[in-house]
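**Q** Residue numbers (the working numbering), protein chains in the order written: chain F, 534 to 628; chain X, 36 to 178; chain U, 13 to 555.
Among these hints, one or two may not hold up.
Going by beta-carbon spacing under 8 Å, a handful of chain U positions derived as facing chain X [what the hints assert, rightly or not]:
1. Pro50
2. Gly289
3. Glu551
Pairs of lysine-lysine, PhoX-like flavour, derived with a Cα cap of 20 Å [unchecked claim]:
4. U:Lys450 <-> U:Lys440
5. U:Lys89 <-> U:Lys79
6. U:Lys109 <-> U:Lys89
7. F:Lys603 <-> U:Lys484
8. U:Lys392 <-> U:Lys336
9. U:Lys49 <-> X:Lys142
Estimated spans, in silico, between C-beta atoms of each pair [unchecked claim]:
10. X:Leu153 <-> U:Leu288: 58 to 66 Å
11. U:Gln532 <-> X:Arg174: 37 to 45 Å
12. F:Gln592 <-> U:Arg371: 52 to 60 Å
13. U:Leu333 <-> X:Leu79: 51 to 59 Å
14. U:Arg483 <-> F:Asn620: 22 to 30 Å
15. U:Arg483 <-> F:Ser556: 27 to 35 Å
16. U:Ala40 <-> F:Pro624: 34 to 42 Å
17. U:Glu111 <-> F:His601: 23 to 31 Å
18. F:Ser595 <-> U:Glu111: 28 to 36 Å
Simulated from the structure, these hints should not be mistaken for laboratory data. Because the structure is a prediction, the values reported are computed rather than measured. By construction, the Cβ of each residue, glycine as well, lies at the ideal position given by its N, Cα and C atoms.
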Amino acid sequence: MKLLTGNDLASGDVIWWTGKGWSRHIGEAVDVGDEGDAILAREEQARRVNVAYIVDAEQTDSGPLPNHIKERIRASGPTVRTDLAINADIPIVRA
Amino acid sequence: MVDLLNFREGETIGETPVSIEEFLGASNATAVRIAPGEDARALLPHLDRIALVEVAFPAFGDGRGYSSARILREAGYRGELRASGDVLVDQLFAMRRCGFDSFAPDKALDPAAVEATLSRYADVYQKSVDGRRPIWAKRHEVN
Amino acid sequence: MYLYDSYDQAMVDARVEEFRDQARRRLAGELTEDQFKPLRLMNGLYLQLHAYMLRVAVPYGTLSSRKMRMLAHIARKYDRGYGHFTTRQNIQYNWIKLEDAPDILADLATVEMHAIQTSGNCIRNISSDQYAGVAADEITDPRPWAELLRQWSSFHPEFTYLPRKFKICVIASANDRAAMRLHDIGLELVERDGRIGARVFAGGGMGRTPMVAPEIRDFVEEDELVSYLEACLRVYNRYGRRDNKFKARIKILVHELGVEEYRRQVEEEFAHMRQLGIQPPTEELDRIRAYFAPPVYETGLPEEVDRSDPDFALWLDRNVLPHKQPGYAIVNISLKPVGGIPGDASADQIDLMADLAERHSLDQLRVTHAQNIVLPYVKKADLYTIWQQLDAAGLGTANLDRISDMIACPGLDYCSLANARSIPVAQKIARRFAGNGKEEAIGELKLKISGCINACGHHHAGHIGILGVDRKGTENYQLLLGGSGAEDCSLGAITGPGFTEDGVVDAIERATDLYLAQRQEGERFLDTYRRLGMAPFKEAIYG
């Protein structure tokens, strides 16, 4: 599946496309299929997201999980400060 | 092309600039254009017959044109020195300090923003070619 | 330390308002991200993995208690209660909001601080020796020169869009504590015929093509240094490569032209520059120097320190260094607690260090390139009370220059450029070696970890270096041996195939075991490596 992510322009928060808007929680992210580029162009133009891009992911029992470790860390928060994590349950290193 | 931004005493030069190569050839042009990779010093023997040097900024992040401009002013060039291309309002202050006195930006600049950026810094740390007295000189001024 | 006059204050105040306007235009959509990016970077604002990151300049690593307290205030009010001290002697905050950034810069300006040119393709914060002013081996205090260069490089009209970033370091001792020769330009102040001038090195750096800077001039007079540097920069600005970001640093220009040719071009430009009257008069350096005059030291202070508390005695031996003034000592506060995050300090810890400096160190602190804090003016009689308070706050780790006192970049936990995490590796190494006698047995060992080829963690300059790479989507760690950022500057060599996170810790243990078995009297790990060469280490590591 393909997810859209970027940062909130004003706050800098990592955000994910939910189909209706943007969420800080990857669990609410949806597969954008082939629509990614069109949504990105529109949302960046409206400044609802900054430096946005498409991420490859897979659907798991616990929700969407990005293929690349960098995106998994973005979705979870720093692994060395789990007290600051937004979603510390995301598996960073795959079994 | 949008209107020229002019900081000169008189009018800007209307002549279309030619490349350095053309200029140094048989041309009797008085307006010449410098690309980022070209050596401004090639013009130094001919400064007295040049009325306009246009320094091209194809991308605002390529800063070679700042050196080109200062080199020409340091050599005593008094004619029009124009920055053209990807010239943004936030670059104007440094460009003015390097001796540019006219601007041909790809996209029109907001006059209020131009005024704000050029009047923001009351003083400067370095001596350059714009005649401003640097802070270090003011600090040690004999009263 | 240096205090702003009305000119300096007006410059930073104007910059705050300029950035406030730029941020407003970005939020309003008048600037695209491409246009805004270089503007925010020149004010130290990055977009990182989780949020915006703000890097605040600590010029030549020198802080007052008041400035230090402001750093704590910013951590509390605008961030998540902590900051990260960097290898450039700066501090960065990981959770900044763009909409807050102008207010943060305004707060900083109230204590004569800023984030100007802490990123971007411009001249960055001038770094220096963390013991400047108190080191017995310096010929002069390098900080007045660094301040002169700070002002010269701030808002420089010609050098704001260089091919790439540009780092300058000034030291004044033959013992290099600031990795001077790994800078774009390194200046070593030296004395000749009773005059002080600068020996100039150009084209050093780390990154993907590490190079030790060659000397390009053996002496530049004090009253010509700005003109000379302006010549160095102009040649670089005009001829540095702009076709490839990875070849754009001055080290590549110097390497491709050759030292002789670069030197010739600089000399030609210098001959021109010295005619232009761009050099501040010597009165200006003298004016700045007055701010760095040695303090009025107390005399007749006791030299004896009660060592009856063994934990204190260990800290004394590890972290406290001799001062040039009798009765005083230099205290190093380690920001490398075992299992902690190298270089991080909480707002409360920052406040405590500010309080200790105010009470016991003439109000002064320093940031080191090894990501620690220094109290430079401590009376020996005060050491025990300082240690007790540091220890109670988790700042009493006795490990200066030991294996657990490692440099580590933020890595993939925070940085959008990283390929692998650095901090978890640092934590595992510290846990493996500290508290069981191994670290003590090994002695001085400078270990440096980077999470990508950009080498913010100085892995090329570590006695042992670790480079995190991405191998088919998993983190992998290459091991390097034999680097040094000191006066015996050298670049580390890769041992061979990379390791997993646990594997690299094992490999380091095998390498240090070999060292312990093979070392001769007085040899550090680095010395043994240099004597034996790579082969036996490779054998020990890979078997």
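**Q** Decide, hint by hint, whether the structure agrees.
**A** Here is how each hint holds up against the structure:
no.	hint	verdict
1	Pro50	holds, 6 Å
2	Gly289	holds, 6 Å
3	Glu551	violated, 49 Å
4	U:Lys450 <-> U:Lys440	holds, 14 Å
5	U:Lys89 <-> U:Lys79	holds, 15 Å
6	U:Lys109 <-> U:Lys89	holds, 11 Å
7	F:Lys603 <-> U:Lys484	holds, 13 Å
8	U:Lys392 <-> U:Lys336	holds, 13 Å
9	U:Lys49 <-> X:Lys142	holds, 18 Å
10	X:Leu153 <-> U:Leu288: 58 to 66 Å	violated, 23 Å
11	U:Gln532 <-> X:Arg174: 37 to 45 Å	violated, 56 Å
12	F:Gln592 <-> U:Arg371: 52 to 60 Å	holds, 59 Å
13	U:Leu333 <-> X:Leu79: 51 to 59 Å	holds, 55 Å
14	U:Arg483 <-> F:Asn620: 22 to 30 Å	holds, 26 Å
15	U:Arg483 <-> F:Ser556: 27 to 35 Å	holds, 32 Å
16	U:Ala40 <-> F:Pro624: 34 to 42 Å	holds, 40 Å
17	U:Glu111 <-> F:His601: 23 to 31 Å	holds, 29 Å
18	F:Ser595 <-> U:Glu111: 28 to 36 Å	holds, 33 Å
When the structure is compared with the earlier hints, violations turn up for hints 3, 10, 11 and for no others.
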